[in-house]
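Number of protein chains: 4
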Amino acid sequence: MIKVIVAGFEGKMGRQVLDLINKSDDFELVAGYAPHAQTNALSVKVYNELAAIPKKVADVWIDFSLPTSVYQNSLTALEKGIRPVIGTTGLQPEQISSLQKIANQQKLGALLVPNFSLSAVLMIKLAKQAVQYFPEVEIIELHNARKVDAPSGTAKYTATQLAGDKEIPIHSVRLPGYIAHQEILFGGIGEALTIRQDSFDRSSFMPGVALAIRKIMHINQFVTGLENILE
Amino acid sequence: MIKVIVAGFEGKMGRQVLDLINKSDDFELVAGYAPHAQTNALSVKVYNELAAIPKKVADVWIDFSLPTSVYQNSLTALEKGIRPVIGTTGLQPEQISSLQKIANQQKLGALLVPNFSLSAVLMIKLAKQAVQYFPEVEIIELHNARKVDAPSGTAKYTATQLAGDKEIPIHSVRLPGYIAHQEILFGGIGEALTIRQDSFDRSSFMPGVALAIRKIMHINQFVTGLENILE
Amino acid sequence: MIKVIVAGFEGKMGRQVLDLINKSDDFELVAGYAPHAQTNALSVKVYNELAAIPKKVADVWIDFSLPTSVYQNSLTALEKGIRPVIGTTGLQPEQISSLQKIANQQKLGALLVPNFSLSAVLMIKLAKQAVQYFPEVEIIELHNARKVDAPSGTAKYTATQLAGDKEIPIHSVRLPGYIAHQEILFGGIGEALTIRQDSFDRSSFMPGVALAIRKIMHINQFVTGLENILE
Amino acid sequence: MIKVIVAGFEGKMGRQVLDLINKSDDFELVAGYAPHAQTNALSVKVYNELAAIPKKVADVWIDFSLPTSVYQNSLTALEKGIRPVIGTTGLQPEQISSLQKIANQQKLGALLVPNFSLSAVLMIKLAKQAVQYFPEVEIIELHNARKVDAPSGTAKYTATQLAGDKEIPIHSVRLPGYIAHQEILFGGIGEALTIRQDSFDRSSFMPGVALAIRKIMHINQFVTGLENILE
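Protein chains in written order, with the working numbering: chain A, 121 to 351; chain B, 121 to 351; chain C, 121 to 351; chain D, 121 to 351.
None of these hints come from the bench; they were simulated from the model.
Check each hint, because a few of them may be wrong.
Copies of the same chain look alike in the list, so a pair counts if it fits in one copy or across any two.
In the DSS-like style, the derived pairs of lysine-lysine whose C-alpha atoms are separated by at most 27 angstroms in a straight line are [said to hold, decoys possible]:
no.	residue 1	residue 2
1	Lys276	Lys176
2	Lys248	Lys335
3	Lys132	Lys227
4	Lys248	Lys132
5	Lys123	Lys175
6	Lys276	Lys227
7	Lys143	Lys267
8	Lys143	Lys286
9	Lys221	Lys200
The structure displayed is predicted, hence computed values, not measured ones.
Next comes chain A alone, as it looks inside the complex (with noise of 0.2 angstroms):
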């Protein structure tokens, strides 16, 4: 049994992960953390100040709460001895750097995850052996009109793993309609090989969520990255 506490679980995200851990046999929710929160807003303990938390009152802490707390909220959970799993944007690199510094120190482990997609993470694992054989590789992303940044993260963050010395091309797609969608093209002499990747809906994080959970107990340092943890 993993005994989780998540930070943000009024959100959108927070809620989902509250439901994962109900209907998972293997989790068990024993605290939430939310500065504004009821304290009776869960059938657990809830507290609204970081120094209140006891130490190692989790084995997880899942943090999906915002860009402003989630350097403060992974610092405290590794200084009490809770390995966070860090679903929040925001971290700047030298904080990044902090918190990997301490994870290691303590051989506890931690982990920042900029995508729970399994299929994009996937994705991105597989990209990695192909172009070792099909160096040549453009990326094209395709999502909704309402997304205004382009290319997307998970494109960018592609394109420096499977880059070499050469830039990769990435065609940002934005119409109505669309999710979120990305294809890698490797083209070789007379064949190709495409791996595409399809999120047609948010409850697609979750199985990366309880991924990132049962992993997390067996690593003793700091992993950005789901692709880096799956076997």
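Given the coordinates of chain A, assemble chains B, C and D onto it according to the supplied hints.
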């Protein structure tokens, strides 16, 4: 039986056209034209000079010659009462205007064909209908890494055919292995429509040439684009 | 301003139709019909009995009721001079014949719509043109694993629309994650053409409902399939 | 420099292998074997009889001969201390067992390669990883209408490699224009992953042959499938 003269019969496309005529029950090769060809290169009369070609020697003039010759060739065809199917690139806008004026005055069919691929032509024709219901559209064209220009001519032509008052993004993928492919992506509320065309082989142009030969007999003006003679 | 009465306004589709009418400048909700609804459920008159509905109370009758009610509803609409847009499944062939006869005699527009997805409907319309040039065709339909029937109704309908004298193979993929997607693959000499449609969300049906309401005002007979009223 | 002997050098594949060796800096053609070939057909020694081939005349034996010859050829290669890369089909299960036993006893590399396409082989290798996270999977294979068998050998092989305790559906599309293509579709909660492979041209097999020649030098047993020697 449609009588055909082939200009540029020694080139790659020209040879395939000879083969097509040979295999078709309703086409008859009556002559070839090429300035430097052996006069016995074909089983029929070979002309080395435009001036030597008799009036109405054929119903249709197929031109797969050179950018430097195509205007003079097409002009000669029209003057001699032969309907030109122009597959050679390189005509300037003012040359197209001249040919158009002459063909229309003579009420003689003339076809300028930027792309003989039926799948490409149909794609454009169908996309023009789709864009009325799905005005949000982007184009992805994928070609072999050896293709130097980008975007492809077909992609640019597609965009002009679909664009109303706004720019249509074109994404150009250049990879080894690929041949010539294009996708037109339409996005709507909660849904998407995609039309894709793949050219796997140069042989794919011959059904379009055959169609052009048959259709030009039934038109009496200058037409650009095979999609405008499809039913 | 087109006056609309909605039958089955309490269901999933019915509620979306109310929302659509509310948001559209040229539609006006004039009444609702549902046997067991509260009479004050809407801001307009709610009828519980067909007999109580006045003649010509609306221009268009939108039906998203039940398979057991749809025939009687549609019949009543026609008798009262209201053009029915029938989105409910369950009509028997002989019932369709009856409705068709009455609508045609009265020269009153009536629309039986198996699929309101514009992308699906356009796909079929475009495919009917493509099959004239590429008679070799196969269909792949991909749906969520929860969908129990295979092939899908849309795939079967597409096949009947495209088939001349031969069978068109339909491949049914059933996987979690997928929503509702269909590809029509055409193969020719050295080339291929593919038309693909993706339904990501139920909201995708509303543009089709809006189109049906607008178009039915301009037809004076019974028509099956939205693709037959597209330009 | 890896010394190579080619059995069946007069066939389509054999001729391409000669060309590959010729172009590669680290391969050296030392002999050819074909029962009925002219002895001066190559710039190197041509053998017409297996018995005449000296021990260890080459490091690697490439076999693109005939189903009726492949077993005796491979056996001879092993007996003469030459590592066989077997591209010819037709080996019976008990023949494979015999070859395997001999290669393993001698600790000599031997490779049976059902498919030299790197994109196909990589697809299978990557899919074996993906299926651990996405156990729901279906296969679509698309081939030219001339291909008589269905499902394709690659699709059947893929299915056996991915299947745990359940059947994997295979959909076979046969259309003109298409060459050889395969998609493996994985579905998960709210998401999908697809791996696609396109063979556009026979030339696509040569990088796989080159890889086999290089890798066989570093293995000391019988291996089936190029995917098992990829890193």
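We went through each hint and held it up to the structure:
1. Lys276 / Lys176: For Lys276 and Lys176, neither the intra-copy (36 angstroms) nor the inter-copy (51 angstroms) Cα distance is at most 27 angstroms.
2. Lys248 / Lys335: both (21 angstroms within a copy, 20 angstroms between copies)
3. Lys132 / Lys227: Neither: 31 angstroms inside a chain and 53 angstroms across chains, both beyond 27 angstroms.
4. Lys248 / Lys132: For Lys248 and Lys132, the Cα distance exceeds 27 angstroms both inside one copy (32 angstroms) and across copies (34 angstroms).
5. Lys123 / Lys175: For Lys123 and Lys175, only the intra-copy Cα distance (13 angstroms) is at most 27 angstroms; the inter-copy one is 66 angstroms.
6. Lys276 / Lys227: For Lys276 and Lys227, the Cα distance exceeds 27 angstroms both inside one copy (30 angstroms) and across copies (46 angstroms).
7. Lys143 / Lys267: between (32 angstroms within a copy, 24 angstroms between copies)
8. Lys143 / Lys286: So Lys143 and Lys286 pass the 27 angstroms test across copies only (26 angstroms; inside, 46 angstroms).
9. Lys221 / Lys200: The answer is within: 15 angstroms in one copy meets 27 angstroms, while 58 angstroms across copies does not.
Checked against the numbered hints above, the structure violates hints 1, 3, 4 and 6; every other hint is satisfied.
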